[in-house]
Amino acid sequence: MKRGKSFIKRTREAGQGYLFMTPVLVILGIFVIAPILYAIFLSFHKVQLLGGSHYEFRGLDNFLKVTFDDRAHIALKNTVLYVVIVVPLQTMLALVLAASLNAGMKGQKFFRIVYFLPTLTSSAVLTLIFMWMYNQNGLINHLLNILHLPTYNWIGDPDVALIAIMIMNIWATAPFFMVIYLAALQDIPGSHYEAAELDGASGMQKFWHITVPNLRPVTSFVVIMGLIGTFQLFDQSYIFSAGSGGPNNSTLTVVLLIYQYAFKSLGTMGYAAALAFLLAIIILIATLLQRKFSKEESLY
Amino acid sequence: MKLKKSISAAGVAALLASSLLTGCSPKEETESKHDKTTITLSGWGGNPIEKKLLLDVLSDFEKSHPNIDVKFNQINDQYMDVIKTRLIGGTAADVFYLDAFEAPGLIQTGAIEPLDKYVDKDFDIGDFEKQQLDAFKENGKIYGFPKDYSTLALFYNKKKFKEAGISEPPRTWEELRADAKKLTKGNKVYGLGVMPQIERLYYMAESQGGQVITKDHATFAQNRVVRSFQPFLEMHLKDKTAAQPSEVGSGSGGEMFGQGRAAMVMEGNWNIPFMKDTFPKVDYGTAELPTINGKKGTMSFTVGYVMNAESKHKKASWELIQYLTGKEGMKKWTSKGFALPTRKSVAAELGYDKDQLRGPLVKGAKYATVWQDGPMLPIIMNNFNNQFLSAYLGERPLNEALKDAEKQANKEIKVTE
Amino acid sequence: MKKRPIGRTILYAILIIYAVITIFPFLWALSSSFKSLGEIVSGTIYFIPENFTLDNYKEIFTREPLFGRWLLNSLFIAAAGTFLNLIFNSMAGYALARLTFPGKKSIFIIILAVLMIPFQVTLIPNFLILKELGWLNTYQGMIIPGAVNATFIFMMRQFFINFPKEVEEAAAIDGLGKFGTFFRIVLPLAKPALAAQTIFVFMAFWNDFMRPLVILSDESMFTLPLGLNSFKGQFISFWNYIMAASMVFTLPILVLYAFFNRYFVKGIKFTGEK
Numbered sequence: 001m002k003r004g005k006s007f008i009k010r011t012r013e014a015g016q017g018y019l020f021m022t023p024v025l026v027i028l029g030i031f032v033i034a035p036i037l038y039a040i041f042l043s044f045h046k047v048q049l050l051g052g053s054h055y056e057f058r059g060l061d062n063f064l065k066v067t068f069d070d071r072a073h074i075a076l077k078n079t080v081l082y083v084v085i086v087v088p089l090q091t092m093l094a095l096v097l098a099a100s101l102n103a104g105m106k107g108q109k110f111f112r113i114v115y116f117l118p119t120l121t122s123s124a125v126l127t128l129i130f131m132w133m134y135n136q137n138g139l140i141n142h143l144l145n146i147l148h149l150p151t152y153n154w155i156g157d158p159d160v161a162l163i164a165i166m167i168m169n170i171w172a173t174a175p176f177f178m179v180i181y182l183a184a185l186q187d188i189p190g191s192h193y194e195a196a197e198l199d200g201a202s203g204m205q206k207f208w209h210i211t212v213p214n215l216r217p218v219t220s221f222v223v224i225m226g227l228i229g230t231f232q233l234f235d236q237s238y239i240f241s242a243g244s245g246g247p248n249n250s251t252l253t254v255v256l257l258i259y260q261y262a263f264k265s266l267g268t269m270g271y272a273a274a275l276a277f278l279l280a281i282i283i284l285i286a287t288l289l290q291r292k293f294s295k296e297e298s299l300y
Numbered sequence: 001m002k003l004k005k006s007i008s009a010a011g012v013a014a015l016l017a018s019s020l021l022t023g024c025s026p027k028e029e030t031e032s033k034h035d036k037t038t039i040t041l042s043g044w045g046g047n048p049i050e051k052k053l054l055l056d057v058l059s060d061f062e063k064s065h066p067n068i069d070v071k072f073n074q075i076n077d078q079y080m081d082v083i084k085t086r087l088i089g090g091t092a093a094d095v096f097y098l099d100a101f102e103a104p105g106l107i108q109t110g111a112i113e114p115l116d117k118y119v120d121k122d123f124d125i126g127d128f129e130k131q132q133l134d135a136f137k138e139n140g141k142i143y144g145f146p147k148d149y150s151t152l153a154l155f156y157n158k159k160k161f162k163e164a165g166i167s168e169p170p171r172t173w174e175e176l177r178a179d180a181k182k183l184t185k186g187n188k189v190y191g192l193g194v195m196p197q198i199e200r201l202y203y204m205a206e207s208q209g210g211q212v213i214t215k216d217h218a219t220f221a222q223n224r225v226v227r228s229f230q231p232f233l234e235m236h237l238k239d240k241t242a243a244q245p246s247e248v249g250s251g252s253g254g255e256m257f258g259q260g261r262a263a264m265v266m267e268g269n270w271n272i273p274f275m276k277d278t279f280p281k282v283d284y285g286t287a288e289l290p291t292i293n294g295k296k297g298t299m300s301f302t303v304g305y306v307m308n309a310e311s312k313h314k315k316a317s318w319e320l321i322q323y324l325t326g327k328e329g330m331k332k333w334t335s336k337g338f339a340l341p342t343r344k345s346v347a348a349e350l351g352y353d354k355d356q357l358r359g360p361l362v363k364g365a366k367y368a369t370v371w372q373d374g375p376m377l378p379i380i381m382n383n384f385n386n387q388f389l390s391a392y393l394g395e396r397p398l399n400e401a402l403k404d405a406e407k408q409a410n411k412e413i414k415v416t417e
Numbered sequence: 001m002k003k004r005p006i007g008r009t010i011l012y013a014i015l016i017i018y019a020v021i022t023i024f025p026f027l028w029a030l031s032s033s034f035k036s037l038g039e040i041v042s043g044t045i046y047f048i049p050e051n052f053t054l055d056n057y058k059e060i061f062t063r064e065p066l067f068g069r070w071l072l073n074s075l076f077i078a079a080a081g082t083f084l085n086l087i088f089n090s091m092a093g094y095a096l097a098r099l100t101f102p103g104k105k106s107i108f109i110i111i112l113a114v115l116m117i118p119f120q121v122t123l124i125p126n127f128l129i130l131k132e133l134g135w136l137n138t139y140q141g142m143i144i145p146g147a148v149n150a151t152f153i154f155m156m157r158q159f160f161i162n163f164p165k166e167v168e169e170a171a172a173i174d175g176l177g178k179f180g181t182f183f184r185i186v187l188p189l190a191k192p193a194l195a196a197q198t199i200f201v202f203m204a205f206w207n208d209f210m211r212p213l214v215i216l217s218d219e220s221m222f223t224l225p226l227g228l229n230s231f232k233g234q235f236i237s238f239w240n241y242i243m244a245a246s247m248v249f250t251l252p253i254l255v256l257y258a259f260f261n262r263y264f265v266k267g268i269k270f271t272g273e274k
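Chains as they are written, first to last, in UniProt numbering: chain X, 1 to 300; chain W, 1 to 417; chain Y, 1 to 274.
Pulled out of the complex, with its shape left as it was, chain X reads as follows:
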């Protein structure tokens, strides 16, 4: 509390403070906080909403079901695999692109606009464009053929379908994080680099010893956002597999499974809510682990 303010002034400011916060508090209350409490309620019940709502208390049943639900295990495995591969790759790619762009190159603006195209495009559109390119007789197989590389049935083959989505997503998401890196790069004082240059540092050395350490807080942010985003993979899997998570469950993600249990099968909404909570816990743990490793106190 600041000194020197009268009680009246403080009260008035508090009133104004709440007024400023009102829209946020009301909306967060109704559409975030209340739903979280509601979701807790749902996750302990068997819920059948068709033909009049039925709620039946089931205790921890929904959470225990996860242990023998093979599809949940497959979905988790796919999702974790996806996260572990996509997050590091997209982060590195974003960093390299941002650093390259920031090196005072000509045409920076042009590259920036081009790179940002995928971020601007809806994932529904991107998924369709890639499905068209991934087609058995499509562009990608055609190019692979020219280069005498093996071709794949990208969408139909369970071994490569998830990889196809990974490639697409790294391509689509890296530029978004590149922009965030770019913004942060402009905050690194030029004097750091000049000092290093006087010491005769090469470009690579400058990158490793000045750029990377200075960007650590942003990297932490990018990795956390990347974790949250990748754990929630849905649109691409949904469109790729027409909602099924096929072929052979290879594109089934946790969120797609939640969707299926909530809106596709009948009477498993409570179980879907339980799965959503477990996902939230996994994301939380991953984020905490990331923080522990990077030892950063910067953001969250």
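Hints listed in this document are in silico derivations from the structure and should not be mistaken for laboratory results. A few of these clues could be false.
What the hints assert, rightly or not - Okay, derived cross-link-like pairs now, DSSO-like style, lysine-lysine, Cα gap no bigger than 30 Å in a straight line:
| # | chain 1 | residue 1 | chain 2 | residue 2 |
| --- | --- | --- | --- | --- |
| 1 | X | 292 | Y | 165 |
| 2 | W | 117 | W | 403 |
| 3 | W | 141 | W | 276 |
| 4 | W | 332 | W | 36 |
| 5 | Y | 105 | X | 9 |
| 6 | W | 314 | X | 264 |
| 7 | Y | 58 | W | 281 |
| 8 | W | 238 | W | 159 |
| 9 | X | 264 | W | 137 |
| 10 | X | 46 | W | 403 |
| 11 | W | 407 | X | 46 |
| 12 | X | 77 | W | 403 |
| 13 | X | 264 | W | 51 |
| 14 | W | 51 | Y | 104 |
| 15 | X | 46 | W | 414 |
| 16 | Y | 165 | Y | 104 |
| 17 | W | 414 | W | 63 |
| 18 | W | 71 | Y | 58 |
| 19 | W | 141 | X | 264 |
| 20 | W | 215 | W | 407 |
| 21 | W | 295 | W | 314 |
| 22 | W | 71 | W | 315 |
| 23 | W | 182 | W | 240 |
| 24 | X | 264 | W | 411 |
| 25 | W | 332 | X | 264 |
| 26 | W | 121 | X | 264 |
| 27 | X | 264 | W | 240 |
| 28 | W | 137 | W | 121 |
| 29 | X | 264 | W | 71 |
| 30 | X | 46 | W | 315 |
As the list claims (entries may be wrong) - Derived list of chain W stretches under chain X, where covered just means 3 residues or more per stretch with a C-beta under 8 Å from a C-beta of chain X:
| # | region |
| --- | --- |
| 31 | 85-92 |
| 32 | 102-109 |
| 33 | 377-385 |
| 34 | 388-394 |
| 35 | 408-416 |
Stated by the list, open to error - If you want a taste of the chain X side facing chain Y, the calculated C-beta under 8 Å gives, among others:
| # | residue |
| --- | --- |
| 36 | 36 |
| 37 | 147 |
| 38 | 149 |
| 39 | 152 |
| 40 | 262 |
Glycine residues also receive a C-beta, built at the ideal position from the N, C-alpha and C atoms.
Dock chains W and Y against chain X, hints included.
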């Protein structure tokens, strides 16, 4: 501590606020002020000509029922998801299409209105093909009337047959295999285009006395089922004379056939208008599916009209269903050949059994397996197809794959309990 | 400064190769949208269409009469949602940065905690709450639940913390109240942050797939991503139409980006002193 308190306080406040808002939200008008009732009908699209035909039938209905307006609402993608979501949300149509295969699950929830009490004598229930009607029965009650059906038949490319020196379509699976070998040209043209999916192969699965589902549980890993698929798999893996559409970059069996990448496919009545529209130049014929061990078999798919149990206009809704599945409405709907009639009297009148292309489809109805087997079939189908594909691709032996799939399906059934 | 030509060349090579990789799919989609179905199914791979045609664009608007409606739905929902976000998030961010009131710290912590909750947790309850409100299949059901965003409340707070105090003090001397100061003085000076927020929030609404998938069931209420998916369901393997539709969907956001581009990088501030 403080944090916890404020969270719960915020939660309570939000709940209060949301219940307040609910109280204020305007109640929907249920009865229109005029004496005209508007009911909605949901269905999937089909091709533009087919849709126009439906709209024609609906406008005939409106003419003969001047106090009822029908609004047709088309759902193009993920039909069942949308229908279920709307039923939960209370925004579903009064009358909608329902695939027989999804019927038992939905009927169990109580979301579908039983129709027995509306039916009068003139409607003549006995006129329906029993098999198709039974697909919409549960505990002795009728929940829907089949609007049309189709079986599967063998479509064969006449030009390719001629080139390969084959004079007539195969009658047995052994003949089919031999012909497919002659018709295949590397990986450009396959003898047979296949869909490695249970909905296309159910009749085959049970051809050796096995049972895919027993008492709402998957039992398809038994030897008698596994054995029955052997010739089917060998055509792809050993003979390399069969392929699925995605292997040649096609989106469907019909497309694969039309593009000339398969000389034969097993498709239904829908493929006839599709070929006419998209590949009018391809000269083809149809035949009954080849026999397995001397026994005839095929699948039959049927779709019915059902009524939303929460419909506000049940009388008008019944009028619509009665008209659409009645003799007059069904005759008009099936007259253009997009679908086959489920009423014997209409079938006899339209004479599709004598039609050159549709004859084999109609003949199949007598011995076809109807694609409906209780509320758990969607789950079982999903698991079966997933694993069956890996066996089809040769990644693992079929008995192993199906054993896994059976286990998984039964676990999933347990999850829904 | 001494230039290192080899390093530069490598950098340019990286930039150019990646630019090609980025733009390639779009050009391919664009070129496919000008091809006839015959050329599409023939399997030939030419970047320049053999028979350049605009028919696909004509066809999608006539074959799918709801196309224009979807475009308008998306524009309206995204614009209204973005507008509310800008005001509400900035107000909250400002209050959290500048005003003193009891419970501020707990509120801030709650907002940070909300950031961590994946929205799938709230998806099902939200659906049920919207059902109770009668908001399923409505614009408000699409707009209001997303009208505030914890991430951008946080970003705005960071922005206002670094904002020079003198400006507000001058306004206070001129007799402007907190609201007056905020809307007349502070907000106009926050342009870069608002521009960045506009693009991010607009994009989030514009591209959102899962929420409309659950909330909207009536085709005439669909937004573009849903419409496009439904379109694909109907015209499966008519890739010429699907690509033309995709191109139409992409255009508005490119225009918006061109408009706000210059503020964009400057306004992003997620880190910095607390």
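Against the structure, the hints:
no., hint, verdict
1, X/292 x Y/165, "violated (35 Å)"
2, W/117 x W/403, "violated (45 Å)"
3, W/141 x W/276, "violated (40 Å)"
4, W/332 x W/36, "holds (25 Å)"
5, Y/105 x X/9, "holds (20 Å)"
6, W/314 x X/264, "holds (26 Å)"
7, Y/58 x W/281, "holds (26 Å)"
8, W/238 x W/159, "holds (26 Å)"
9, X/264 x W/137, "holds (22 Å)"
10, X/46 x W/403, "holds (29 Å)"
11, W/407 x X/46, "holds (23 Å)"
12, X/77 x W/403, "holds (21 Å)"
13, X/264 x W/51, "holds (26 Å)"
14, W/51 x Y/104, "violated (59 Å)"
15, X/46 x W/414, "holds (13 Å)"
16, Y/165 x Y/104, "holds (20 Å)"
17, W/414 x W/63, "violated (50 Å)"
18, W/71 x Y/58, "holds (27 Å)"
19, W/141 x X/264, "holds (25 Å)"
20, W/215 x W/407, "holds (15 Å)"
21, W/295 x W/314, "violated (45 Å)"
22, W/71 x W/315, "holds (16 Å)"
23, W/182 x W/240, "holds (11 Å)"
24, X/264 x W/411, "holds (17 Å)"
25, W/332 x X/264, "violated (34 Å)"
26, W/121 x X/264, "violated (38 Å)"
27, X/264 x W/240, "violated (36 Å)"
28, W/137 x W/121, "holds (18 Å)"
29, X/264 x W/71, "holds (26 Å)"
30, X/46 x W/315, "violated (34 Å)"
31, 85-92, "holds (count 3)"
32, 102-109, "holds (count 4)"
33, 377-385, "holds (count 4)"
34, 388-394, "holds (count 3)"
35, 408-416, "holds (count 6)"
36, 36, "holds (6 Å)"
37, 147, "violated (14 Å)"
38, 149, "violated (16 Å)"
39, 152, "violated (17 Å)"
40, 262, "holds (5 Å)"
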